[in-house]
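Chains as they are written, first to last, in this note's numbering: chain A, -2 to 274; chain B, -2 to 274; chain C, -2 to 274; chain D, -2 to 274.
To be clear, the hints were calculated from the coordinates, so they are not data collected in a lab. Note that this is a predicted model, so its numbers are computed, not measured. Careful, some of the hints might be misleading.
No copy labels: a pair is met if it fits in one copy or bridges any two.
[As the list claims (entries may be wrong)] Here are the simulated DSSO-like pairs of lysine-lysine, each with C-alpha atoms no more than 30 Å apart in a straight line: (1) Lys100 / Lys118; (2) Lys10 / Lys88; (3) Lys88 / Lys100; (4) Lys10 / Lys185; (5) Lys88 / Lys221; (6) Lys8 / Lys185; (7) Lys185 / Lys40; (8) Lys95 / Lys10; (9) Lys8 / Lys49; (10) Lys185 / Lys221; (11) Lys8 / Lys40; (12) Lys8 / Lys88; (13) Lys228 / Lys49; (14) Lys118 / Lys40; (15) Lys95 / Lys8; (16) Lys100 / Lys49; (17) Lys100 / Lys221; (18) Lys185 / Lys100; (19) Lys49 / Lys185; (20) Lys88 / Lys40; (21) Lys95 / Lys40; (22) Lys118 / Lys185; (23) Lys221 / Lys95.
4 protein chains.
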Amino acid sequence: ALFTAAANMAKSKFDYVRNFETDDTCLRNCYIVVRLDGRNFHKFAEQHSFTKPNDDRALELMTRSARSVMEELEDIVIAYGQSDEFSFVFKRTSTWFKRRASKLMTHVASQFSSSYVFYWKEFFGEQPLLYPPGFDGRVVLYPSNRNLRDYLSWRQADCHINNMYNTVFWTLVQSGGLSTTQAEDRLKGTLAADKNEILFSEFNINYNTEAPGHRKGTTLIWEKRDEISTKRTTLPGGEEADVAVTRSRRRVHAHRCDIIGEAFWAEHPDILEGDHC
Amino acid sequence: ALFTAAANMAKSKFDYVRNFETDDTCLRNCYIVVRLDGRNFHKFAEQHSFTKPNDDRALELMTRSARSVMEELEDIVIAYGQSDEFSFVFKRTSTWFKRRASKLMTHVASQFSSSYVFYWKEFFGEQPLLYPPGFDGRVVLYPSNRNLRDYLSWRQADCHINNMYNTVFWTLVQSGGLSTTQAEDRLKGTLAADKNEILFSEFNINYNTEAPGHRKGTTLIWEKRDEISTKRTTLPGGEEADVAVTRSRRRVHAHRCDIIGEAFWAEHPDILEGDHC
Amino acid sequence: ALFTAAANMAKSKFDYVRNFETDDTCLRNCYIVVRLDGRNFHKFAEQHSFTKPNDDRALELMTRSARSVMEELEDIVIAYGQSDEFSFVFKRTSTWFKRRASKLMTHVASQFSSSYVFYWKEFFGEQPLLYPPGFDGRVVLYPSNRNLRDYLSWRQADCHINNMYNTVFWTLVQSGGLSTTQAEDRLKGTLAADKNEILFSEFNINYNTEAPGHRKGTTLIWEKRDEISTKRTTLPGGEEADVAVTRSRRRVHAHRCDIIGEAFWAEHPDILEGDHC
Amino acid sequence: ALFTAAANMAKSKFDYVRNFETDDTCLRNCYIVVRLDGRNFHKFAEQHSFTKPNDDRALELMTRSARSVMEELEDIVIAYGQSDEFSFVFKRTSTWFKRRASKLMTHVASQFSSSYVFYWKEFFGEQPLLYPPGFDGRVVLYPSNRNLRDYLSWRQADCHINNMYNTVFWTLVQSGGLSTTQAEDRLKGTLAADKNEILFSEFNINYNTEAPGHRKGTTLIWEKRDEISTKRTTLPGGEEADVAVTRSRRRVHAHRCDIIGEAFWAEHPDILEGDHC
Chain A
-2 ALFTAAANMA KSKFDYVRNF ETDDTCLRNC YIVVRLDGRN FHKFAEQHSF TKPNDDRALE
58 LMTRSARSVM EELEDIVIAY GQSDEFSFVF KRTSTWFKRR ASKLMTHVAS QFSSSYVFYW
118 KEFFGEQPLL YPPGFDGRVV LYPSNRNLRD YLSWRQADCH INNMYNTVFW TLVQSGGLST
178 TQAEDRLKGT LAADKNEILF SEFNINYNTE APGHRKGTTL IWEKRDEIST KRTTLPGGEE
238 ADVAVTRSRR RVHAHRCDII GEAFWAEHPD ILEGDHC
Chain B
-2 ALFTAAANMA KSKFDYVRNF ETDDTCLRNC YIVVRLDGRN FHKFAEQHSF TKPNDDRALE
58 LMTRSARSVM EELEDIVIAY GQSDEFSFVF KRTSTWFKRR ASKLMTHVAS QFSSSYVFYW
118 KEFFGEQPLL YPPGFDGRVV LYPSNRNLRD YLSWRQADCH INNMYNTVFW TLVQSGGLST
178 TQAEDRLKGT LAADKNEILF SEFNINYNTE APGHRKGTTL IWEKRDEIST KRTTLPGGEE
238 ADVAVTRSRR RVHAHRCDII GEAFWAEHPD ILEGDHC
Chain C
-2 ALFTAAANMA KSKFDYVRNF ETDDTCLRNC YIVVRLDGRN FHKFAEQHSF TKPNDDRALE
58 LMTRSARSVM EELEDIVIAY GQSDEFSFVF KRTSTWFKRR ASKLMTHVAS QFSSSYVFYW
118 KEFFGEQPLL YPPGFDGRVV LYPSNRNLRD YLSWRQADCH INNMYNTVFW TLVQSGGLST
178 TQAEDRLKGT LAADKNEILF SEFNINYNTE APGHRKGTTL IWEKRDEIST KRTTLPGGEE
238 ADVAVTRSRR RVHAHRCDII GEAFWAEHPD ILEGDHC
Chain D
-2 ALFTAAANMA KSKFDYVRNF ETDDTCLRNC YIVVRLDGRN FHKFAEQHSF TKPNDDRALE
58 LMTRSARSVM EELEDIVIAY GQSDEFSFVF KRTSTWFKRR ASKLMTHVAS QFSSSYVFYW
118 KEFFGEQPLL YPPGFDGRVV LYPSNRNLRD YLSWRQADCH INNMYNTVFW TLVQSGGLST
178 TQAEDRLKGT LAADKNEILF SEFNINYNTE APGHRKGTTL IWEKRDEIST KRTTLPGGEE
238 ADVAVTRSRR RVHAHRCDII GEAFWAEHPD ILEGDHC
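Next up, chain A with everything else stripped away, as it sits in the complex (with noise of 0.2 Å):
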């Protein structure tokens, strides 16, 4: 009992810890973007024996995590994702966890990382996941539209340059019959020109028609479409039977589209709110 007395009286002896704690409120009004980084992933996918360039299982685990975000979290409006990386976008007047840096990009952190986990058998079946991965993050803000879809045509921009280079430098060691080290040397300054040539010429690979995943990663966004369910209703005349129900319901939708140009913004006008406030 003395003891008890004691820690209560310390517990508010020590509160004073607690203004030690500073404010990380994110600036109103503008785009909060979390992104996430494998860590070590180059050594994760060895060892986990990724397909190279890419491994669409792995691939798709990343993009099921994100979903998980998106569906847990508040206020995600665009989430792109690329190779082991994945960036999470909060709308501009999102007042989640008042908008605390901290508290926003440990929750993306988190909840990516569990659900990476508990779907990894969804995706790799039997193949045993050998250890706990990591993913690191990070918040950027962008007070305008402009600066937020430059963000994003920046991220997609870095993953369409680095699939190029891995799709033509796998091709050259897997079909082309060279070393890593070989295909190195053939593709040390070349330029995307010469990529696509090599990849047509040599191997009458299309890069355009290969995987739209692979070239322009994946974009999750929000959509209401109408979902068609059936369900059994007793009729007027007293049978059972079997009727359509049509339900607009709003769900996560993955794209691998471009998002660079305007064609996107275009057909999906409700993701961005305007500037003008």
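Mind docking chains B, C and D on chain A? Use the hints.
Frame of chain A; chains B, C and D shown alone:
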């Protein structure tokens, strides 16, 4: 090819968005504390039928995940956990990830969360994990050893107060036959002494002999201990034999003791660096 | 000599303290507003016998000091002042002092304060300045033109409300013979309409024709205007003559008009940069 | 009246812009250092014909302004100045202006700057101040006494190195008849010992007996000293007489001594608070 050249240009055109990232370096010569808290763990505990007031499987899984964080990340000198929270202390001279707050807290949140799912089965066996759990994090800096110890004392005093309340509350419900509302009423306004008295006189429970891990939480530190292993060796005479080999190894060890008083710190003088630097 | 060698060594030994400085770069593409407020200006006004409710000498000295800030510092596109406060707006694309908040706000505070003392005599003549006054400052970022205009509107609405109150209050005291306490009581709970009515029916004052500088505060902007000067020139015939020379010069000009509505901004379309960047 | 009602509404409509202000509270239990630097003081010194290498009037004006800052603001325990810079140290437990960095640094910059102009005449007499000078500031936090002392040592070592260089340089020019370019060449690559040697063997100057204020800079601290004043009193017998009254008064005192070593700190044990809190 044209598109690719455009993409390269585009990338450098979009590059400017990098400059919107701001620096969040933690002040030097301060302890960096990252505290994680379970998100909606009240509901999570219900849905996974956690034992009240303490579920040892859940507590051990928390500890296992925290150990994974200490082992995989750099420079964590002590960690303290209770209930659904865990605090990690980076040494004051750490330069890991250039002391960037966002990197440190997301790494901790990510590694802890993926480990929680990864090691679930070790503690819950066949009981399935229903969905990926979330943890949020924050960073707090402490400039002096006194401040850091007061922070840890604050968390342990919190553990004590909550655990005493929960112990009496659930004893009244589980052994005393009270409803949760009745138990709540019974405890309204009681002091620590009263709670001790209820436990002792009505249920013959001495609170001070309850499990230390419940009363004190879990403290993880690095310790060098001698470990003895047997090694098959060929003896001079040519026969094979098992020989005991003693090796000093630095490992994470768990303590369930008081960390408010001086004793623990006197026994482990290497945890804290001096204030005089 | 020994000591000096030691000093050099010492300096490099102490150099590490530089790393404790933290980066306080302002988010790009946002307007940077620095607002100054007079410290204890109520007392300062008393001690220097400022006229109530507005002292034109003091207001003009504020404006003179603000003009000095705009002329000496870079990238300030508009400034707005009223009473003992002045706000300075750096353009959203400014890179002056790498957008470091501390540099911007201390430069403004310093230049304003030294100017206030330096120009005192120009406005107060032989009345001595009794002690050096202080102004504190703060930095606020605004991501959109709307936000910035709302900020300026907020300050001008504040000017309006305070000035109307002060005008009626001091009229009641100075012309109505009320004590300050009586005037305060009289105004308790009155709406704007009531105040207008008191002025008009009791003192025959039309608030809307009061000095614009008192009702609207002072807005400073850069404007290019033609300036005509005379220059002594030798004519072809050999005689000397004064010739009028017109030169377009960019100078800081003061306005005392409404800046809440659209008109001011339509007339000066160059103050704000577009949101679409 | 209508407009006024609108203004009230407007004000509350615009009020939201307050929330864009961010919190910049300084971490508790750290020393808060504000350092000011003269803006373009090289040019300022030229234009005001400052004596080379040190102008005592200018140095004393800096000190006078710093004293004004210490007296007008709260919680500054020590200040150190040299050349055109001055550092102010707020005690680690200060809660002045809630430890908001922007408030502290703008107050210092403002008070110093207005004082510099205000007290100019005291030191420069009839020589006019040509324009209002500017000073910029920054805030740096130091968590330990060691860090703070190393900061001050860093500034004093800087003073020493610069002053020695300037002393030799201007001696070569003023007494040695060298041009500034020749003096620069002569000093290129010289060590401290060489500079001492030049002064001593060529100009018979012992650097160590140069004015302490030039070699060591100026340190300001609060000290309680007995002050004797005379007071006219009526004696018991009825006559009037001057009586000496001793009163202990806390004032800012200037020191021009070494603050790198232990002696100064041992003599003034009250400047720093303990690390053990």
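Pop the pair Lys228 and Lys49 into one bin, within, between, both or neither, using alpha-carbon distances up to 30 Å.
Neither: 45 Å inside a copy, 41 Å across copies.
My question is about Lys100 and Lys221: at a cut-off of 30 Å on alpha-carbon distance, are they close within one copy, between copies, both, or neither?
within (28 Å within a copy, 35 Å between copies)
Up to 30 Å CA-CA - Lys185 versus Lys49, copy category:
within (20 Å within a copy, 59 Å between copies)
Tell me, please, which holds for Lys185 and Lys40 at an alpha-carbon limit of 30 Å: within, between, both or neither?
Within one copy only: 24 Å inside a chain, 52 Å across chains, cut-off 30 Å.
At most 30 Å between alpha carbons: which applies to Lys95 and Lys8, within, between, both or neither?
For Lys95 and Lys8, both the intra-copy (27 Å) and inter-copy (24 Å) Cα distances are at most 30 Å.
Using 30 Å as the alpha-carbon threshold, which applies to Lys88 and Lys40: within, between, both, or neither?
Cα proximity of Lys88 and Lys40: across copies only (28 Å, versus 34 Å in one copy).
Regarding Lys95 and Lys40, is the shortest C-alpha distance of 30 Å or less found within a copy, between copies, in both, or in neither?
Intra 37 Å, inter 23 Å, cutoff 30 Å: inter-copy only.
Intra- versus inter-copy proximity for Lys88 and Lys8 (alpha-carbon distance at most 30 Å):
between (39 Å within a copy, 24 Å between copies)
For Lys10 and Lys185, with the copy left unspecified, which applies at a CA distance of at most 30 Å: within, between, both, or neither?
Cα proximity of Lys10 and Lys185: across copies only (23 Å, versus 64 Å in one copy).
First find the shortest C-alpha distance between Lys95 and Lys10 inside one copy, then the shortest across copies, and answer within, between, both or neither for a cut-off of 30 Å.
both (28 Å within a copy, 21 Å between copies)
Same-copy or cross-copy closeness of Lys88 to Lys100 [CA-CA at most 30 Å]:
This pair counts as both: shortest intra-copy Cα distance 15 Å, inter-copy 23 Å.
Check Lys185 against Lys100 for me: Cα-Cα at most 30 Å, and say if that holds within a copy, between copies, both or neither.
Answer is neither; intra-copy 43 Å and inter-copy 33 Å both fail.
In terms of the numbered hints stated before, the structure departs from hints 10, 13, 18 and 22, listed from lowest to highest.
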